[in-house]
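Chemist: Starting from the known structure of chain A, fit chain B onto it as the hints suggest.
Just so you know, the sequences run in chain order A and B.
When you line the first sequence up against my numbering, it's residues 1 to 247, in that order.
When you line the second sequence up against my numbering, it's residues 1001 to 1104, in that order.
Since the hints were derived computationally from the structure, they do not count as laboratory data.
The structure displayed is predicted, hence computed values, not measured ones.
Do not rely on the hints blindly, as some may be mistaken.
Stated by the list, open to error - Here are some of the chain A residues that sit facing chain B, going by a computed Cβ distance under 10 angstroms:
hint	residue
1	48
2	143
3	145
4	149
5	218
6	220
7	221
8	222
9	225
10	226
11	233
12	234
13	238
14	246
What the hints assert, rightly or not - The list that follows gives simulated cross-link-like pairs (lysine-lysine, BS3-like), each with its CA atoms no further than 25 angstroms apart:
hint	chain 1	residue 1	chain 2	residue 2
15	B	1092	B	1079
16	A	190	A	72
17	A	183	B	1092
18	B	1062	B	1079
19	B	1061	B	1079
20	A	190	B	1061
What the hints assert, rightly or not - Some but not every residue of chain B turned toward chain A, in silico, with C-beta under 8 angstroms:
hint	residue
21	1032
22	1050
23	1086
Glycine residues also receive a C-beta, built at the ideal position from the N, C-alpha and C atoms.
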Amino acid sequence: MSSATRSASGTEDSPELEALFDTIARAARERSAGAASSGQAREQLPAEKVISQLGQLTRRLHDTLRELGYDKLVHQAAQAIPDAQERLAYVATMSEQAAVRALAAVEAAKPIQQRLRADAAMLAEDWDRLYNRQLGIEEFKALADRTRSFLSAVPARTDATSARLTDIMMAQDFHDLTGQVIKRTADIVKDLETQLLQLLLDNCPLEQREAAERSGLLHGPVIDGVGRDDIVTSQSQVDALLASLGF
Amino acid sequence: MNVDEADDGAMALQKLRSGVFDFVISDWNMPNMTGIELLRAVRADPALKHLPVLIITAEAKKENIIEAAQSGASGYIVKPFTAATLDEKLTKILQRMQEAGAAG
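Here chain A stands alone, though its shape is the one from the complex (with noise of 0.2 angstroms):
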């Protein structure tokens, strides 16, 4: 809905747009045929100067997206964004309502499994207690009271068990929708990159694109690490690389 919404007014923006370009080039040829005439072309105000220039730098750059048959791929691609961006957002949420999901039913299986170990490991001391004739028949028959209470509430407890593990299982369901998502999404990333790619490679002058490559250490999991020497795979490599600084 949303980006249907956006991209609505992203061609409507267009004539508003290549009009205002319009304006401010023709100004700045005016102001710069004017400034030289009459021989006051320091006197220009710094700020003027900057936005007519970039102006005129907008409504070139403008001119040739156009003239290469990028604007129509510039479009495309700004409206994957949102469409990935809203596939990804269902795709957290899944995840993390999977994830409560479990939690949750561990948390309540835990308290049962740790139960049912107590009671049946203090029914099999008195049981020791029993065989090395250490109990009287007082005891005895309250211990087989206690044993058959316990043995007839066993299958309720497991069966409190087992649905949450039932619910742990269900809880893995959105796997295969999210799957089919980031499928989807990857393909609308890998499509944009082409594009952006492309552009970036027409257009952008050799030193900023070494410059661009070089950004920040939040690279997130490593997918693939085969045949890469500047990852480590395992601890030990971690380990070892920590050694080797001194650590």
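Modeler: Same frame as chain A, but now just chain B:
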């Protein structure tokens, strides 16, 4: 042992400054303030700079590990990790602190 948790680096720093902590375990990739920024802030704070900071992260590039080490990390664990690894690193860091304390 008392454990407190924070949603991001900024909140962690706030908690560290307003309470008494003996150990910091931090992720790298967090909103508002990343783990490496938190580490630098801790090392730059006279009241906190002695704190051991263990980084646990999915960042597995060598440049990240080197950056963390140079910023004063006490340890670095890459995800996915096991409880045994965590235990080993914690023990090692605490041992080193004791040795440093005994030597000083």
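Chemist: Which earlier hints turn out false for this structure, listed by number in ascending order?
Modeler: Of the numbered hints given earlier, those the structure breaks are 1, 2, 3, 4, 10, 17, 21, 22, 23, listed in rising order.
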